[in-house]
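> Protein chains in written order, with the working numbering: chain C, 18 to 80; chain U, 5 to 280.
Treat the hints loosely; a few may be bogus.
[Said to hold, decoys possible] Here are the simulated lysine to any residue pairs, SDA-like style, with alpha carbons at most 25 angstroms apart:
#1 42/C - 163/U
#2 59/C - 186/U
#3 59/C - 244/U
#4 42/C - 265/U
#5 42/C - 141/U
Note that these hints are calculated values from the structure, not bench results. No experiment lies behind these values; they were computed from the predicted model shown.
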Amino acid sequence: VSLVPRALLYLVALFLVMIVYTGQKHSAPGPILRASVRMTAKLFAWSVLGVVVMLALEAVFID
Amino acid sequence: MKLTPGAAILWTLLVPGSAHLRLGHAARAALVFATAVGLFAAGAAIVGDRVWYFQLFEPFPFLKTLLDRMPVQLLPEAPNLGCCIVLSFLREAPATDQGMFDWLRMIRVPVPHEHLGLFLMGCSGVVNSLWVADAHWLAQGRRHQGRISPPAAAFLSWLVPGAGHVAAGQRDKGVLVCAAVLIMFALGLLLSQGHGIDRPLRSAWWIPQSLFGGGTLFATLVTAPLEEGPPAPWIDHGVALCAVAGLMNLIVMIDAYTVAESGAVEDAAALGGRAA
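Here chain C stands alone, though its shape is the one from the complex (with noise of 0.2 angstroms):
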């Protein structure tokens, strides 16, 4: 299975998982959903962020 459609996956389950875990700080959906997007958004671009890194030491150090 190719890298786009298993990132893509992550993103939605990341997502998800972050409704359930910013549920606990507040009890209306609008804040819920706001500060899931946020926390989405910083996770998979730190994810993003970490798999160039490993990519770009993979490539010098074992190449």
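For this one, chain C is given, so just place chain U on it according to the hints.
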């Protein structure tokens, strides 16, 4: 009769209903005993010794004697510890090496309706852990005056994610978390072509998956017994997503408990205010 919260936990773990009885809740004690022991016994009657095949790990040699008799590695049944201990004594313990070899081979063989039997046994562990929370709550001398008691809210959320929040008065939040858990679970089931939740095949994954009781029951009765063809290309993703859905539901259950608990305190304060 006075019982400390810690003792209430211990008593309910060992003899479901005993703490409730000692705290003066005879009717609830009967219900606790009937649900925890009844579900366990019904499952054990179907599965028999095969349940020992699904231990999370083989007991370490230096703790084998203890873990054979107090099987905390049998999850999620372990919170129903008294029943697990009784079952360990009812196990046919082979005396010889050949007998042990035959017994180990025998428990690998599937039995009819094992999906249902294993679900009932696992269910008894989850249900008893909620009764433990209930006994602890009662032993603290607290009485819920809100819409629903905290353990009942957690139980509702175990069956249907978010139902505990709805019952405790947070309808919108309940619907939102319900959608999140259900979408995750449905994605997992879809990607695994219905075989993401299957205790006989993937018993370690089944432990977190069982934390979403309603979904696990659906999969146990409907999708798991279906014949499995060639493995789906996304089967690993499906299994993992179903496990994540179960873990998400654990957070939902804890949150529902907290919401119901704070609601009870608020209602108690309101009652006090009105009385003053």
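> Hint by hint, note whether the structure agrees.
Hints and how they fare:
For the given pair, residue 42/C sits about 23 angstroms from residue 163/U by alpha-carbon distance, which is consistent with the 25 angstroms threshold. With a CA separation close to 24 angstroms, the supplied pair residue 59/C and residue 186/U stays within the 25 angstroms bound. For a cut-off of 25 angstroms, the pair hint linking residue 59/C to residue 244/U stands: about 22 angstroms separates their Cα positions. Using a Cα cut-off of 25 angstroms, the hinted pair residue 42/C and residue 265/U holds, with the two alpha carbons roughly 15 angstroms apart.
This hinted pair checks out: residue 42/C and residue 141/U have alpha carbons roughly 23 angstroms apart, not beyond 25 angstroms.
Hint violations for this structure: none, all hints satisfied.
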